[in-house]
Structures are given as structure tokens and as C-alpha cells.
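Q: Protein chains in written order, with the numbering used here: chain A, 1416 to 2083; chain B, 1416 to 2083; chain C, 1416 to 2083.
Heads up, some of the hints might be wrong.
All copies of an identical chain are treated as equivalent in the list; a pair is satisfied when it fits inside any one copy or across any two copies.
Claimed, not checked - BS3-like, lysine-lysine: derived pairs with alpha carbons at most 27 Å apart:
{"no.": "1", "residue 1": "Lys2042", "residue 2": "Lys1940"}
{"no.": "2", "residue 1": "Lys1920", "residue 2": "Lys1447"}
{"no.": "3", "residue 1": "Lys1707", "residue 2": "Lys1877"}
{"no.": "4", "residue 1": "Lys1821", "residue 2": "Lys1516"}
{"no.": "5", "residue 1": "Lys2067", "residue 2": "Lys1639"}
{"no.": "6", "residue 1": "Lys1516", "residue 2": "Lys1578"}
{"no.": "7", "residue 1": "Lys1516", "residue 2": "Lys1707"}
{"no.": "8", "residue 1": "Lys1920", "residue 2": "Lys1548"}
{"no.": "9", "residue 1": "Lys1940", "residue 2": "Lys1920"}
{"no.": "10", "residue 1": "Lys1583", "residue 2": "Lys1653"}
{"no.": "11", "residue 1": "Lys1422", "residue 2": "Lys1707"}
{"no.": "12", "residue 1": "Lys1548", "residue 2": "Lys1586"}
{"no.": "13", "residue 1": "Lys2067", "residue 2": "Lys1653"}
{"no.": "14", "residue 1": "Lys1548", "residue 2": "Lys1979"}
{"no.": "15", "residue 1": "Lys1447", "residue 2": "Lys1792"}
{"no.": "16", "residue 1": "Lys1821", "residue 2": "Lys2067"}
These are calculated hints, taken from the structure and not from any lab test.
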Amino acid sequence: MSMKQQKLYHGACFYPELWNEAVLEEDIHMMKETGINVVRIGEFAWSKMEPEEGCFDISFFAHVIRKLAANEIETVMCTPTATPPIWLTHGHPERIHVNEKGETMGHGSRQHVCTNHPYFRERARLITEHIAKEIGGLPGLAGWQLDNELKCHVSECMCETCKTLWHKWLKERYQSIDRLNEAWGTGVWSVTYQTFEQIPQPGPTPFLHHSSLKTMYQLFSMEKITEFAHEQAAVIRKHSDAPITHNSSIMFGVNNEDLFSGLDFASFDTYASQENRAAFLFNCDLWRNMKKGRAFWIMETSPSYSASLESYALPHEDGYLRAEAVSSYALGSEAFCYWLWRQHRAGSEQPHGSILSAWGEQDVGYRNVLEVERARKEIEDAVLSTVPVQAETAVVYSDRAKAFLKTEPHRQLHYRSLITDFYDRFLSLGIHRDVILEGSTLAGYKLLFTPFIHYLPPEFIKKASAFTENGGIWIAGPLTGGRTEHHTIHTDCGLGPLETYAGVKTLFTFPLDERRTVGSAFGIKAPLSLWSAVFEADPAEAVGIIEQGPASGKAFMTEHKRGKGKIVMLGSMPAGEAGDMMLKKMISHYAEEAGVTLNMNVTPGTIVAPRMGPDGTLWVIVNMDGKGGEVVLPYNAADVITNNREARGRLKLGPYQYRTLLFPAARQ
Amino acid sequence: MSMKQQKLYHGACFYPELWNEAVLEEDIHMMKETGINVVRIGEFAWSKMEPEEGCFDISFFAHVIRKLAANEIETVMCTPTATPPIWLTHGHPERIHVNEKGETMGHGSRQHVCTNHPYFRERARLITEHIAKEIGGLPGLAGWQLDNELKCHVSECMCETCKTLWHKWLKERYQSIDRLNEAWGTGVWSVTYQTFEQIPQPGPTPFLHHSSLKTMYQLFSMEKITEFAHEQAAVIRKHSDAPITHNSSIMFGVNNEDLFSGLDFASFDTYASQENRAAFLFNCDLWRNMKKGRAFWIMETSPSYSASLESYALPHEDGYLRAEAVSSYALGSEAFCYWLWRQHRAGSEQPHGSILSAWGEQDVGYRNVLEVERARKEIEDAVLSTVPVQAETAVVYSDRAKAFLKTEPHRQLHYRSLITDFYDRFLSLGIHRDVILEGSTLAGYKLLFTPFIHYLPPEFIKKASAFTENGGIWIAGPLTGGRTEHHTIHTDCGLGPLETYAGVKTLFTFPLDERRTVGSAFGIKAPLSLWSAVFEADPAEAVGIIEQGPASGKAFMTEHKRGKGKIVMLGSMPAGEAGDMMLKKMISHYAEEAGVTLNMNVTPGTIVAPRMGPDGTLWVIVNMDGKGGEVVLPYNAADVITNNREARGRLKLGPYQYRTLLFPAARQ
Amino acid sequence: MSMKQQKLYHGACFYPELWNEAVLEEDIHMMKETGINVVRIGEFAWSKMEPEEGCFDISFFAHVIRKLAANEIETVMCTPTATPPIWLTHGHPERIHVNEKGETMGHGSRQHVCTNHPYFRERARLITEHIAKEIGGLPGLAGWQLDNELKCHVSECMCETCKTLWHKWLKERYQSIDRLNEAWGTGVWSVTYQTFEQIPQPGPTPFLHHSSLKTMYQLFSMEKITEFAHEQAAVIRKHSDAPITHNSSIMFGVNNEDLFSGLDFASFDTYASQENRAAFLFNCDLWRNMKKGRAFWIMETSPSYSASLESYALPHEDGYLRAEAVSSYALGSEAFCYWLWRQHRAGSEQPHGSILSAWGEQDVGYRNVLEVERARKEIEDAVLSTVPVQAETAVVYSDRAKAFLKTEPHRQLHYRSLITDFYDRFLSLGIHRDVILEGSTLAGYKLLFTPFIHYLPPEFIKKASAFTENGGIWIAGPLTGGRTEHHTIHTDCGLGPLETYAGVKTLFTFPLDERRTVGSAFGIKAPLSLWSAVFEADPAEAVGIIEQGPASGKAFMTEHKRGKGKIVMLGSMPAGEAGDMMLKKMISHYAEEAGVTLNMNVTPGTIVAPRMGPDGTLWVIVNMDGKGGEVVLPYNAADVITNNREARGRLKLGPYQYRTLLFPAARQ
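Looking at chain A on its own, in the form it has when it is part of the complex:
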């Protein structure tokens, strides 16, 4: 399970504990028919494995795994800690998750315990140890998944256990209460604390809490859930060499970079609608870089539509599922797995789309699953003999930035939407890109974007500065650098160390009114919007000027040469159609200046995933919008599936069509 993969997995989440042996037989038979070669099991099965406290019995799952292996189906085994059994919580409100309104959760759903409660931790350790011992040595064990979708349905817990840990965490971070008061600026509104024990959790107040409290409580919560995951991983490692992952997402209240630092490979789930394909591709470009050099897994996605009792997504059009699968394999995925194999007959997700229905028929997405399998086979050799080409352009994603924006959303800003929209422009322009983390290396990149990151840590600024000195172009902003690590405002200059490095002076930061503000850059005029920073460009050079509005005459975009490279400050957000054009123009301009070559001439809605191998460069081209598209081949190429040649120049693709074209090494 390294970036150099052995096979492409086509998988499904599987709940054999909910059905009988006859259905298990039928399921395995049907999986083989369908081409499913891996399943994930066990993640909600605690009450099956330990029906009464201390009565462990994992044998059913061992039996299933052996049977699957005998049929050449591998298994990802899960720990079941997302769904603690009734005996763990009944009569123990002190073990239960408390939400920010102060409500104590009840049994009957998921994630209803406080994952920081010591008794939960103890029981989680025990069940995991029993599973690891029994399953660790079985054949066909492809890997482990810890828990499931940590912090998906709950955000920060407000229970008494967390309160105590919160105080301990703060003490470790700030040492003395005076330092905390100073760092947080608690003098405002006489919030000033005398002892750590007085510091509240961010529950109900007449108006808002201080920003520092809100942000720090999120970071505390993220660190504790990482701690839990790493504890669990350590338990497994005593009994198994199989690699460990977690089924995560950028929607959850976790810091994925920290979480995966202690795990072995990356995996995530995605239920983005086909209208929002940018979110799907963003994920591929991000999770490829979460554990760099190691393939990632799509652990869950819908074969057609997702649903619960109270909501649903509309079904994918025929063809879209295959486009997702092919593009994700090409962008670095080792596995494309569905939720779920056989529809739940009960629970709150019973209407959710599946491969087989609850009564054993092929569900509406089934023929698309078969198409995925056909495609997987077609491209498997080509994909396995190549690896993804590192991009020259990198966009930084930060779960800490997500926390800062949750504390300070201005007007309902939403980090994930902001960054996905920003990212979508690279897709439209055909620029190959990596979405990287704050801690990622910048080696090999030419163009770096850090939008929407309120707080940029000094280590990152140092690394990005080195990148710039060495010839890279770093585009910082919008909404970047204006907060300290404690979520306060800098008092030396508006954007702190970033500003100094960028050679500008931040005159003011304020919300631009797009009805009244016009900016000009790269020969385009556009409304400006968003909470913005306005600059005096000295020694930097003004690139974008505000032409109308309260700050007219000032710069909203600047560039400044540093060493062989350049730092560009984008202080505002160009809006509307003209703004979109301006942003694309900016990206293209600096991509050209930075010498970015991985810039495919492709129509919007179609993507190119470049890979390389001993025989040359492979382009996996996929039409994602169902309208068909066009790409310009720079050289003659060979279709690795049909072995036909394709001449350089324009190539057309039909709706949801994919092509795998090799440019032989000698030609490059």
C-alpha cells in the first residue's frame, strides 16, 4: 500500500453481522460477480463483539474475514468505537457527550459518548486489543480503520471531564494565568481570569465569547481526538503489522494533518453531489498529499445517492460514478469503496443508496458499479505502472484555519466552501495542482497559494520565505495573516510577520462593499468583496488598485521580489464574473512567470491527471461534467487501452468518457 501500488481496490462497506449466514454466502457470491475485491467491516459492531461488558467475542468477524479471503476478497478491519453499547452509557450521564447548548446526548445514534472520558478510553482500549489480537494475523487483512468519521455528528464536547482536561491543556500551553490573560487580551470586557479553573467552556452567554476562548477550545478538542486515535493505533500495532488509517473528511472537527501524522495511510469519505465535482477533485488532490508518497483510499462514497430518514441527495447521472472512480485512481487513489454493499433494513440511514437493496436486488446504481469495475480493469496496468506527477502549483489547506474561521466567520463565511471555490479556478484553467498541508514540504513547487488562513505560523512563513528566495512565487491571501496564534490582532502591523516579508504596509482591514468598491488589476476591473486588507505598497509594488470606494487609491494586490522569487499579497476578493476573470488572470499570470508547465489545454469540466512511469508520461483524461470536452495533446500519444495512436492536437471526449494516453518518454 505504497504509492507504487499492487492493485486497484474496488470495495464496499459491509455489515455481515446484521444478516445471517445464507445472506453472507450470497453476498460473497455477488461481490465476486460485481468485482468487489475489498470490504470494510466492523466499524459499528461493538455490541456484537462485546454484547455485555467484558464478554468479548470477535470470532464472527474472524470467520467472515477468512471466508472473504478464501474468495480473494481482502478486508479493512475497523475498531467499533464510534458506537458504544448501551452498557457503557446507560445510567452514566457523566460519560456522555454534552453539546454547546449544554444538552446531554442520549443513546440511539452515534458518537454519543465523550471520547475523553477515562472509562470510555479504557473500554475502547480493551475492545481494540481483543480485535487486534484475534484479527491481526488473518489472511487478506488489507489494513485497519480506527473508529469512523471522528467528530462527524458532534463538535466540541462540554462535559465535566472535558472541562478538567481543558484546564490542564491550558496550563500546559500558557504556564501561568497571567500569560493567558495577556495572550488572550482578557482585559476586554473584564473577562480576566484569576485561575485556570475559572475558564469556562464556550457555552451559552448573552453575546459572543472572546475569539481566543472559542478558537483554543476547538484546538484543544482537535488535539484530544488525535490523542485518542494515536492511543488506539498503538494498541493495534502491538498485534498487527497491517497499515492503519481513519475514515476522515475535511468536514469534521478534526485536524487531519495531526491525526494522520500518527497513522499509516490516508482515507476519507465524500458524498459531494455531481454538481459539486470540484469538492470531489479537491479531496483527491488533498488526500494524495496527506501521506505523501503513499496512495490514499476513498473509503466511502455513494454508488448513486446518499440519504437518511430526513434528507437525501439526488442520484448521480449514469456515467458520473465511473468518472469519479477513474479520476480518483488517476489522482492517486488505491481504492474506490462504496457505502454500502447491502442497504440497511433498519436504522436512520435505511433509505441510503447501496449496491444491493435490503431485499437483495441490484440497486439503481448497480450498472454504474459494473462500469466502474470494467474501467478499473482497463486502467489498472497503466495506473499501477505509473505514479502521480507532483504538481508545480500548491494550495495550502489547513484545519486550523477552518477553526479560526468558525470562530470568526465575518458573515457566515465557511472555510470549506471558500477554499473549494478558490481551488475550482485551477481546474477551469487546466493547471495541475497539489493541495498540501501547512507542514508539507514545498520542494518541487513553483507557485504557492495560502488563501483564507487567518493565522500563519512562523515555521510556515520561514519555509515559504525560503521557497520564495529560491525562486518560487507565493500568493498570500485573501484573509491571510491577520491573526496571531491566540486569535488576537497583531499590534505591530496589520498582518504581522507576513506583512513585513511582503514589503507592504497594511493601512486598514475592513469589509469591502462590493456594490461600491471597484478594483483594477491585470487590465480588468472588478467589484471587490470580503473582509480585506488594503496596502501601501512600499517597497513592494502595487499590482491591483482600488479605484472606487472608501479606500480608493490604495492597493489590494501587491508583489515584492524576494531573492529569486516573489511574494504576492492578495488583500481582497474580486467578486462576480469580472472578479472570477481577474482571479484566473492572476493565477495564469503568475503561473507563467513561475514557469509552471503542468498547464493543460483542456475545456472546463474535463480534467487531465498526469502520471509518470518508466515508459513515459500517462495522461488520464476524464470528462466530469457529462457534457463532453476537449483537450489539446502536446505530442502524439498512444492509447494504452486500445493501443491506437492519437496524433497531437485536439482530442474530443464524449460525456463522462475517459482516455488513458501515454506520451512515450523519448518524446519529452
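With chain A held as given, fit chains B and C onto it using these hints.
A: Okay, now just chains B and C, sitting in the frame of chain A:
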């Protein structure tokens, strides 16, 4: 008070306990002027009747009833259990209703007690016994109303008393915890219970509760409130022969079919706006069948507009009130009663429209009330000498289906709106219809509709099958049959026993995307929508085919001959204008095939209520939309008011006009 | 600080306790540069002044005030009671504010204590005493501000302390429980209380509480907060002669008329957007009359935009801030103060606009602040040598009416919006107006408006009757007079004593449907809307007649001669553009009839503030809408800034321009 009625009542809800004796005199005088011949009293007067615990004094109401009777005004006497006095609740939070957020209600409104608390039940029994004894033998007692609008302002109670009863109820229903776990599929998410005592009430959780828990808790709550009503009825029956009803509605958290099974006649309230006249007429067609063969009462409706401190409906246009009254008398009502006689001077409903204002003047709707009275007198003989004609077409209404849809609303589906909209098409087509209950007999019907009933009980399927075998046409769906009695999904086939009977195979059920799905039936193409079932029609025949979308080529409508009749499966919901046409075409098509003759040629917005008597068939024709309308008379007829003849052929009606035309028996 | 002022203040709110001595020096230097001549300090600094319970140290603020005074900057000193320190609340939930959902607030924001808790009152008294002693005698002390924005973030408190006080308050008001039951009409819904101790606070119930309970609890809360403020004022007065105010608003849960009756001068804050300039001007016209004969202060307004972590207003256009400042000085303000001087680096308002940013730069509004200062200097002499001319037209504002409408909002009616919209018509018509209080004298007025006042107290009716008898025209309504002091409905006639005086009979009150109701008055036909009263005009005369709708033929507007004057009843609200025309026509008509002469011929968006002095009448003319405007000068005038003459006739103003023109006394 049987279907063969003695008089038509014109009534009002009356609160003499809030005013003094002089006002009482004036009120009775004005009632006689106005034509009010029945009043309802007592339903919120507990603190007047038992001002301190154990100090009963019902004499005031006996006095009022005698005085009314002396003036030829009859009385419906109520039990006052909807508004327990302060002495019952003060200092006793354990007797109070707890809502689903866990909030304990306070005194000062209505329905703030837990109706399952044993002390409440005891006090309710006592006050009712005292009332029944004192009032049971009085002159002019037209009937009894139990409580008022049960479960109108509250839904399921989450208190500790209910928790205990819930566990008991589950034990009786499921016998063992293993059977419950199996029936509910609690293996999903390790919800598995070890004992009944562990099963929660459906309060706060991180995500949704299991469907079974949610639905069963609703059914439990409905059964308990029925139990309370039947307990109360038994107390009254010991002391009175007057018939007993409840003022109910399909909006409340009750199972009306069960509730009224133990009562003597049906009554309800309605405050539908004139734009929503379909809701008004739906009620008439439903409540006529709630106690078949016995006239129903409209116990409350607004003389012009409804209001509370925080909201109001706009006033009826002049003429609409009379149209409501005439149509309801014609459709089987024995009484048309207003809320309220004299406007409340205090409380939270003080702005509500009334017959007299708080200062004794005729309120804005008064002249319409006089018009109702004139019309009542005009039609009384004709109505009393006839009875409603049973329809040939029946639509099933089910409060259990309402509960299932509340648990699983897909995307905010609302049972009442769904079924009212569906029903409205029969109005537009001029088809005379009964809205019946799951337990109603199907004798005499030719065409049967069961839309939006997630769970169809086996007894119903058996009865409907017999109906079909005998020549009826049964149109099942959309959204019908896909759930078991426990709210789980069938595992043998998609729609369970219904599917088998219909001769189809359900391929998949999923949400249709009306932007992308087109179906074709009866020569009409229309978008399809809603959570749908898609069929392989074998041995049934495909009638509607999906032409575009993920399931294209499959059937969404099928028909299958069974005996002399036919079952039609409607798997999806045609949408938009074209969908409306398709549905109407489907209805007309099967109405014709089934030999439905009660199909009036009338313009939309005007209705015909057919009645029959010794002299022939009476058509009460009412223009309900204020635009006037037209009806085609199949024979010559006689106007029973003017005694003029009307020739067969087109007849015009003015805005809100009504006509009562008799087709002499010989002519039919 | 009397209406005859000594200087015009230009000020800012200042938080020196959050910064160090070097920043203090810099701030004072910058204030002098900017022209800031007064600052407000201390209002959130309790933890600085008493960091541990009983350890008082006010010396820092004394030091700051002395330093400011040495630089000719005066100070408004605040008591810090809006932000109790952690030692006052930690471990003491019984001292904390409980909201209407029953949630107990936490530390970390503002107004989290119950201001009625005796221990809070005690600590508030002590801190205020210490401050008053130390600061009372300092140089440059312009005045005191008590607390800050009382009841801004919280409404009525539901804690146990308040419950006890509530019962005491009710006992004092109603003497016996029988009188309360009778007054409130608790017979409705058997709410009837046996003792005062049973009366709940208006927390959660299944449906609405009685109107009387809701309104009385608001009045109770308003009285208690006034009591707190007056207690605090008494503490200060023992140690200081400087005048006392509070920074209030009509948005908060206070009765400003009562509150300011015990204070020395009026001040308020406003953050109305420039689109809502009517709200800004309404405030000026109101607060000038809060303490009649004494100038008011604008204690807080934004120099450009307001913001918190979760929301923001868009920045003012250049020029608007100066228009605000000039118009407010002209309309009676002595001070125009910003929130805040230096941006907070921390807390929940860190993004809020300021004069200097957190890093010491001039913020985006700075150049507008300088423009204000230039204008202030230009107009200071002219303003100081004149006083505002009392208007001939008065509109009554009532915080009690606000409470009544909060209890009974019909359909989300909002008192502040209603009255601001009503008021805006006087602006459009160029009519000079005072917004007065229920207790204000009516001497000197010719035209009186009392819209949206559900309950009019007898003293007011008496006073307004005298006004009418003496020749005034009183226009009452819409929505006026229909409720008693207990929020019940009159039982003698619809609008109680007002109706009798107006010579009408209220036929009915009900919600008019503007789609179906048309009224006619002054030759204009318009839709009618709002909860309305419809009249039989006898002996009054009908002026407006309903021509279409349920009450057609009846009057919605009447007039009735009383003595030398007239009372006009406006029963309904003309709606839409035609309604706006009708209302303006009505105002103009009665203004003319009443002999109103302060009626300027000015285009909408531009205002004229008339002032008078020994040399004649001064018109301060300001274009507020940024579009420029026009005014007709009735005489030749002299520009008191340029000394140029302006001939009578049309005068044009550019966007946001202002002029100060004197009509010499001899010419009038």
C-alpha cells in the same frame, strides 16, 4: 344525532364563566337573534369547577344549561381536562409535560400536564364524574365533548412517567428484548438493548434516532391518549346517555380512527384559509366516514379570521362562510359551530375573530353568520329529508401513515399536505369521493386509492384484495407499502405483500430527480418526482414507463388483473403541470374503467354534494372559489327552495352561490 | 451641559487599561492631532479596578483623567457594572442571568449576571462608591455614564431572585390575587392563581402565555433596571457634582423615559446604516426631548462600520459621517463620539471599525473623522449661539408601547421599525418635528401623533384632550388605544376612553387584507393593511372610507372637533405607494389646518434643522443621501461660515454638503 338528523345545528363556543350574569342574559338574547341553536361550554373551565383541590362546584354550568334550554338553545358539555388548574401542577414538576428537547413546560397555557401521569388521570376522572353527575340529566344536552384538541400544542411527552409506561408498552408489544432487537434491527450502530428499561425516549442525540424507535414512540403516545379519552368516556356513560365526541383534527398527534372507535359521533375543528378550501372539503369527506352512518359536527371554525397574539389569518371574503356552511351540511355535517361567540378579553387568543366583540358589538363576520343562518333555514328541510350518497371512489386517510412520514419525511414531506393535494384532483374532476379509514368497509366502492402509506397492515391488504377480486380497482401509491410495521424495510421484496399481490417486482426505490427524470403514461409525458419505487412489470403490465433518468426503461406505473378487478401500482409522483394532467388522466381512466358514475360535470371551484331521499336525488351545488361556476345537469330538476324547474344542461352559479336541486326519483 | 452649550464635543470611547503607558502617550498625542476633545473611559474595566474581591484600585483611571485634562481632553467616567469580574460569578450560578429558555449564562461575554441579585447590587454599589470618591473631584470630568447599554444583550431574567421580586412587585401592584385574576382575565384557560407565589415567569409553555403575564413581566423588568440605575446614580451624587447619564438606545429592554427621569442628561448609541438614515435622525429628534432643555450626547457611533466576529455592517461612504455629525449637532447634540478610539486587539468585537487600528494606524474612516472635526469647528459658533427650535409637530415614542407590541406582534410587527417608517414621512415632507415621550409636555405643539400605542394611559389622554381643546390636532392610531393597562381588551367599547373622546364607535378590530381592502381618503385610494379598527363615525365625521373588503362602507379615518381643536382617528394603515401618498396627504392636510409653519420646502434626502438665537433663525441644511438636494429659502439669508449672502428661492446642495444659513431676526 344519527345520519338521519332531526335538525341542523348552528352553534358557537361559549364561555359564560368569564362574564357576569347580565352579559349572559344579553348573550342568550343575541344568540336567538342570530339563530344560534347550540353552544359548546365548559372545556377550559376546570378552575371554575374545582377552584381548590377537591372543592367541586358545577352548579354554574347547570344554571347556564337550564337557562339556555329555556331559550331553546341546546348545549354540548365539555370536560375541562385540557387546562388543569394551578393546584394540580404547582410544585409538581413530575406531573408536567416534557418536550422532545427535554424542556419541562410551565403553567399559563394549555396541555402543560402529562396526560399519562396517574395523579392527573385520577383528578381528571374525579372532575369528569362530578360534571357527568350534575349535568347528565339536564334538558337540552345535545352531547358531550371530551377534553379539547388533544395533542394540539404538544407532541409526544418525554417525562419519567411516560418512560415507565413506554417500557411497559414495549414489553407488551414485543414480549422479549431479543424480539424487539430483531424487529427493530438494532444491530445497526450497536444500538442493541439488553433490557426494556434501557430503551430511551427519542430525545436529543448527535444524529437521528432509529426509525423504529421514533415511530413506535409516536404510536405509543397515540394509544395512550386514546386510552385516556376512552377512560373519560366510560366515566360519563355511567351518568349520561347523551352521545360523546371529541373536538379533533388531522393536525394533532392522535390516531383519530382509534380514538373515535370508542366515541359516539365525530367532530373536528378547521381553520383552513379560503385559499385552501380543499382542506375544508377533505375534512368533510373524511369525518363523514369517521363514524359511518352518523352525522359529524364542525365543532369549531372561524366566523371570519383566526388569530393569536403572534399570528393571524386574513378574514374570509363575504360569502365564503356561507359556502362553507352549506357545503358541510350537504356533505354530512349536522352542525356548523364557531369559535367563538364573544371575543376573549384576555389570554393569548384575545385577537381571535368572534361573533360578538369583547365589547358586545357584532364583529366583522357577523353579517356572514346571518347569511349562514338564512341558508341553514332554506336548506334544512331538504337536507333533513335526505342522506349523503356514498361515493364510489374512496381515498384512504391514515394517522399511522402520518406518524411514519413524521419519522421519515425524506425532504420535509408532510402527510397532510401530500394527501390534501392528491385529494384536490378529485374535486377538480368533479368526482364524488369518500375519504375513509384503514378500518373502513370497502363495500360499495368501485375505485380505491391508498397513497402515501409507508406501512399497509396485512388486514388492509386482505380487505383490499377481496375488493379487487370482486371487481374493484385499487390504485396503490405513491410511497406505499415500503415499510414493515416496525418501520424497517422488507427483506423479501421491496414493497412486501403488496408487491406480491400487484404482480410486480420492485427493482429499486430511490429519490427521483424531476429535473432529469421523465415518465410517460396515458399518452402524457411528465417529470417524475418523490421517493419512488421502480418496477419490473411481470406478470403485471407496465402502464407508465420511465423514459429518461437513471431507471429509464423501467415501469413506474403498472396494472394487474386480479379476479374481476385490478390493482394499479403507482410507484412515483408525476410532477409539475404535466404531472397534474397525468394524474388526472389516470384517475379519469380508472374511474371510467371501474364504472364510476358519480362524476359530475362541474367547473373547478364549484362542488356538487349528492344526497338521496324518498323523493329522489338532491344535488347541493356550491360555488366555493368566489368566481362563480357552471354545472351540467343530467336531467331536468326542481329547485327545492324556489320550486322552480331547471332544465337539464348547463347551469350557472354566481360567486359563492348555492343551489339545491332535486332530480325526482322516477327520472333516474 | 445645558441646551445652551459651552462647546461641541468630538469624542471617542477609550480603553487605556488595555494598553501600556507608551501607547497612552501616543493616543493622547493622536487625539489632539485628530481633534478629539472628550473620551469615555472605564465602562468595562471592573477587573482592572477590583481584580480581587475587595481589592479596589482606581488610581490608574485617575492618572489617565489627569493626563487627559492636562492635554485639554475631557472625560466621561463610567461605572463598570456591565462586566462583572469572574470572582463575582464563579461558583455562583444563583447570581447569573437566566434567559427565557431557562439557560443559565456563562462568563466570557457581558451582562451575564442578574442585575437584581442582592449580592451584585452590593458589589455594584461598592465599586461605584470607590470610583466616585476617587474620580469625583478630578479636573476635566465632563460627566458620568452608568453601566453601559443596559439590557442590550439580554432581555428579561428568569432566575430565582427575579421570581421572588416578581411576586413582590405583583403584590404591590395588585394587592390581592383576586384583583390580579380579574385584571388579567385568568379565567381564560383556567390559568387562575390562588396565590402570588404560583405566578410563573414567562418561560416555556406548549403554546403562548397570557398577554398580561408577558407584558407585566416586561414592565417589571424595566422598572427593576431603572431602580438599579437610580441606586447607582445616588451613590455617585454623594461624591460628585458632574452630570450623570446612561448610554442607552430604543433597541434595549429598558423604559428610557423612566430611566432618564432620574439622570441628568440623555445619551445613546446608534449604529444605523446609511441606508437607514431615518433611524439616525429619529434618534436625534427623540433624545433631544428625553431631557428637554438639555443637550444630548451621541455616546457611540461607528466612524465607518461596526462589526463583531460573526457579523458586520458595510462601511459608510465618504461624506456620510460628516453629514451625521453636522445634522446631530444641529438637532441638539452636544457630543458626537465614536466607538472606538483604538481597535480592540482581542475579544469578540476585534473586527469593529475604529479611529486607529490595533496596530496604531489611521483606520479606514479616519479621513472622515478629520472632516467631522473640520465641520465641527466651522459650525461651533453658530450652534453654540443658538438653540434648537421647538417643533410644532410631535410624535410620541413609548417604550411601554414597545413592550405591548413585543407581547402582541400580530405578524412579527416591530415597534421600532413601525415608528421609524411612520416618522420618515415627516422627513420627506420637510416638516420639523419633535419625537416626545408619553410624559412630555404638549405645550407649544400644534399637531400630535400617537401611532402604535396599544395602551394609552388616562393621564396622557387627559393631557392630549386639553391640547385638543386648546386648538391642537391630535391624530391617534393606527394600532392605538385597543388595550387596557393589563393588556386586556376593553369591554365597554373597542378603544376605551380614547374612543369616547374621539366621538366614534369602534365596530370591529381585525386584520385587513391589503390584497382585498381598499380605502379612500383625501381623494386618494389605497390598499389598507395592519390590524385595524373600523368605525361608525358619529358624532365624528368620516374622513376615510373603506370601499372594498369585508368592512366596506365603514370609516377607517374620522375627525371630531373638540373645543378649538380636533381629534383624528386613524384606524388602519394605508399600504403600498398609494398608501404612502395618502399618509403624506393626511399629514400635510392636518399640518396646514393646525397652522404648522415649520414646514420646509426641501427635497427628500436633505434635511433642515432650524435653530434660533439672538441674531435670528439659523437653518442647518444637510444632504444626507449623498445625491445632493435642493431647498427653497423663504427669505434672503447669510451664510454664517462664509458670510456670503444667499438670495431667497432655490438653493442647491452637493452630495453630503451642509450649509448654515442665518435669517436675520428682523426679517421674520
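Q: Which of the numbered hints above does this structure break?
A: 5, 7, 8, 10, 12, 13, 14 and 16
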